[in-house]
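Input sequences plus hints: build the corresponding full structure.
Under the UniProt record's numbering, the first residue of the sequence shown is numbered 1, with each subsequent residue one higher.
Misleading hints may appear alongside valid ones.
Estimated spans, in silico, between C-beta atoms of each pair [to be verified]:
{"id": "1", "residue 1": "P583", "residue 2": "N32", "range": "48 to 56 Å"}
{"id": "2", "residue 1": "T178", "residue 2": "N119", "range": "20 to 28 Å"}
{"id": "3", "residue 1": "D188", "residue 2": "L13", "range": "25 to 33 Å"}
{"id": "4", "residue 1": "I109", "residue 2": "T178", "range": "28 to 36 Å"}
{"id": "5", "residue 1": "P432", "residue 2": "F578", "range": "43 to 51 Å"}
{"id": "6", "residue 1": "D188", "residue 2": "I481", "range": "21 to 29 Å"}
{"id": "7", "residue 1": "G424", "residue 2": "I138", "range": "49 to 57 Å"}
{"id": "8", "residue 1": "N61", "residue 2": "R20", "range": "34 to 42 Å"}
Keep in mind the hints are simulated off the structure, nothing from the lab.
Ideal Cβ positions, reconstructed from N, Cα and C, are used throughout, including at glycine.
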Amino acid sequence: MPDWSYHPMKRVLLDKMSARKGREFIHHSMNNIASMPGGRQLIGFLGHMKPPDELQKKIGNTVYSSPIGLSGHIDPKLSGVLAFQELGFGFLEIGPIVLKEPAEQEEPIRQNNTIQFSNQQEKVPLKLAMKKLLNYPINVPVVARLDRHVGEREWEVISLQLIPFLDAFILTEEQMDTFVSKQDERLDCAFYIGLHTDEMKTGINHPHIDGVVLDAPCRLNGDYWYEKQHANDSLIQAVKQMKMEHPDWTVITSGGVETPEEGLQLHQVGADLVMLSTGYVNAGPGLPKRIHERIMAEQNNSAPKRIRTSHWSFFFGLAILFGGIIAFFFALTRIILPYDEVFLGLTRAELLQVNPRILAFMSHDRMALAGTMISGGILYIQLARNGIRANMHWAKIAFHSAAIIGFLGILLFIGFGYFDWLHGLYWLILLPVYFLSLKEAKSVNGSPASRHGTNDRAWKLGLYGQLLFVMLGFFISIGGIVISAIGITKVFVDTDLSFICMTPEMLDQINNKLIPVIAHDRAGFGSALVSVGLLVLMLSLWGFRQGASWVWNSIAIGALPAFIAGIGTHLYIGYTDFIHLLPVYFLVLLYVAGLILSYPILKRKPKRNRGV
1 MPDWSYHPMK RVLLDKMSAR KGREFIHHSM NNIASMPGGR QLIGFLGHMK PPDELQKKIG
61 NTVYSSPIGL SGHIDPKLSG VLAFQELGFG FLEIGPIVLK EPAEQEEPIR QNNTIQFSNQ
121 QEKVPLKLAM KKLLNYPINV PVVARLDRHV GEREWEVISL QLIPFLDAFI LTEEQMDTFV
181 SKQDERLDCA FYIGLHTDEM KTGINHPHID GVVLDAPCRL NGDYWYEKQH ANDSLIQAVK
241 QMKMEHPDWT VITSGGVETP EEGLQLHQVG ADLVMLSTGY VNAGPGLPKR IHERIMAEQN
301 NSAPKRIRTS HWSFFFGLAI LFGGIIAFFF ALTRIILPYD EVFLGLTRAE LLQVNPRILA
361 FMSHDRMALA GTMISGGILY IQLARNGIRA NMHWAKIAFH SAAIIGFLGI LLFIGFGYFD
421 WLHGLYWLIL LPVYFLSLKE AKSVNGSPAS RHGTNDRAWK LGLYGQLLFV MLGFFISIGG
481 IVISAIGITK VFVDTDLSFI CMTPEMLDQI NNKLIPVIAH DRAGFGSALV SVGLLVLMLS
541 LWGFRQGASW VWNSIAIGAL PAFIAGIGTH LYIGYTDFIH LLPVYFLVLL YVAGLILSYP
601 ILKRKPKRNR GV
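Okay, structure coming up:
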């Protein structure tokens, strides 16, 4: 569940539920998707949250794909374990672990927009932990926190069962002294001591300690506790102090992070790993990805910027653009070309004598196709100049996914028995250009970076703008699929026949080759719509970050030709049925509202933030 869907749902639905019900609803939903065939790929497609390779780090014998993990406070029922590893986390904490489930457990509550945990908070019984670890394919390191009340006998059972599945344990200082001996055969598993930042003390030592976990300072509210405001500042000072006293220890923080900037600051002062807690719930599932991008922005600041060649990708987009312009010219003038007349055995003049609306209807399909091609050309050019050239892997995937779908669309031209040889020749000319663009983009593998470090109003408005653009791209693609399906099956909808004032049977009696010519235009227009819809969708899903003005420009300028042609051609030929045009009006509404809401986040330059 990306931020653009999480926050609207949070406001409308989740905030009206109890903290536990909202938590379980989200976690079960995501886990069910991740459990389905292709579910993990769907989560990856929607969020593109895989951590950059540059952030991978090795601690002891464990490789972490990202320094950002998830605190066990967020998922005590382990109901989202399968999904969380797809959301950009480099590791997961489970716990507090107990041998048997306690009789009394209190779920968290929400007061004044603050999540508060009970002193009798939910525990993770060993049986539940084993069930999840055995049944789920876990691909990220797992760290288990032992409940502070677990004794030595319980520890023997818990450790024997869990250690084969774990990379580290978090214990109290007393448990560490009591449970972990010099002769312990399980020392291939890392052991950390958990400390509250507001109870920090010096002189901690143990022959087998690998480091510490610093929990954010908390404030008590009766039988409940919650993170203090500005907990990040306390954690920063605690990390500095611990690194100064024990430079060789692994230092992990838990909580105190609600913005990318706070995650960056802990990373900069030496925190080896950072676990997100209640800040993750407030900021949304995209927080790990945003922290990654913030860290990458700092790293890229000191590294030379990699510029890739994108000439062939640019020429590919330019060819699509010019092809659309040429098609638009013919749609406004001749409409049908000489080879169409040869296939039909009818001239343009003869068709006009039979029924002028036949040519007008064909003009409307060809003009819509031309406008869509122009839009596609603009979007391809923008992706080449600003995405592929900047070494963005996501831009390469967007570019070539849409291009391949576009090439496959040529098969639809013959779906009703008419192969347009000019379209075929055009694709043959484009094919080598495309393969050269594919070859030059082969080494494009960069990860996005962003200096945006806050959860400000522009970011929140931008999420709604992003949601509208995602809907826009999705509905355009669905519309293209529907139009293509109609083009290769029944060809016409009822409003089409009302405009032409003829039935398919009457058209067939005039010329049995007339419907195939109309159908091939309709199917080709549908396939072009699918490609453009995918471009808009992927730009919206993966390109949104503060200051990415080219993404806003791409959608603002790129969608215009398709909309102008789509509405203008109907006005031009007098085909103004409101029901027929209603989907286009709806898409225009999404487009305009999306531009307005996303303007502050995409068009305004990010402020430079100083590191700690």
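Verification of the supplied hints:
1. Range check, P583 to N32: about 31 Å between beta-carbon atoms, so the 48 to 56 Å window is missed.
2. Our hint of 20 to 28 Å for T178 and N119 holds, since their Cβ atoms are close to 23 Å apart.
3. For the pair D188 and L13, the supplied restraint of 25 to 33 Å is violated, since their beta-carbon distance comes to about 45 Å.
4. Between I109 and T178 the Cβ separation comes to about 34 Å, which falls inside the hinted range of 28 to 36 Å.
5. Distance hint check: the CB atoms of P432 and F578 are about 45 Å apart, consistent with the given range 43 to 51 Å.
6. Checked against the hint of 21 to 29 Å, the C-beta distance between D188 and I481 comes to roughly 53 Å, which is inconsistent with it.
7. Separation of G424 from I138 is about 50 Å and conforms to the stated range, judged on CB atoms against 49 to 57 Å.
8. Between N61 and R20 the Cβ separation comes to about 36 Å, which falls inside the hinted range of 34 to 42 Å.
Figure legend: structure checked against the earlier numbered hints; hints not met, in rising order: 1, 3 and 6.
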